[in-house]
Amino acid sequence: MGKETIVVRDSPGFATSRLGVALGLEAMRMLEEGVASAADIDRAMELGYGHPMGPLRLTDLVGLDVRLAIAEHLSRELGGERFRPPDILRRMVAEGKLGKKTGEGFYRWE
Numbered sequence: 001m002g003k004e005t006i007v008v009r010d011s012p013g014f015a016t017s018r019l020g021v022a023l024g025l026e027a028m029r030m031l032e033e034g035v036a037s038a039a040d041i042d043r044a045m046e047l048g049y050g051h052p053m054g055p056l057r058l059t060d061l062v063g064l065d066v067r068l069a070i071a072e073h074l075s076r077e078l079g080g081e082r083f084r085p086p087d088i089l090r091r092m093v094a095e096g097k098l099g100k101k102t103g104e105g106f107y108r109w110e
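The sequence shown lines up with residues 1 to 110 when you count with our numbering.
Since the hints were made in silico from the structure, they are not lab data.
Heads up, the beta-carbon is just placed ideally off N, CA and C, and yes, glycines get one too.
Treat the hints with care, since some could be wrong.
Claimed, not checked - Here are the simulated distance ranges between beta carbons: (1) Gly-79 - Gly-103: 29 to 37 Å; (2) Arg-9 - Gly-103: 38 to 46 Å; (3) Thr-102 - Thr-16: 24 to 32 Å; (4) Gly-48 - Asp-87: 38 to 46 Å; (5) Trp-109 - Thr-16: 22 to 30 Å; (6) Phe-14 - Pro-52: 16 to 24 Å.
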């Protein structure tokens, strides 16, 4: 099948999903703080780390509502501030900006 396995102990969130959500939430906080634009934050991850797309574009594809639900679940299960959803995510979901499926999220989709 061409797959490689990893070993992780039973814990909330899959290893890749948990890391991806943490990265996405921090990207949202950076955007919220005015550190850089969504496009520049995403481009930084593409150029600096070789990611095929940045965390905000990926969030638009996954769905902001889905990311919010995952963050809330991980926040409840793991406690602390690591997975606390940023205000920008809560606001955008409340406004119906769910990403590609609604035509607008961190980007406009046609």
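Against the structure, the hints come out as follows:
{"no.": "1", "hint": "Gly-79 - Gly-103: 29 to 37 Å", "in the structure": "35 Å, holds"}
{"no.": "2", "hint": "Arg-9 - Gly-103: 38 to 46 Å", "in the structure": "40 Å, holds"}
{"no.": "3", "hint": "Thr-102 - Thr-16: 24 to 32 Å", "in the structure": "25 Å, holds"}
{"no.": "4", "hint": "Gly-48 - Asp-87: 38 to 46 Å", "in the structure": "26 Å, violated"}
{"no.": "5", "hint": "Trp-109 - Thr-16: 22 to 30 Å", "in the structure": "24 Å, holds"}
{"no.": "6", "hint": "Phe-14 - Pro-52: 16 to 24 Å", "in the structure": "19 Å, holds"}
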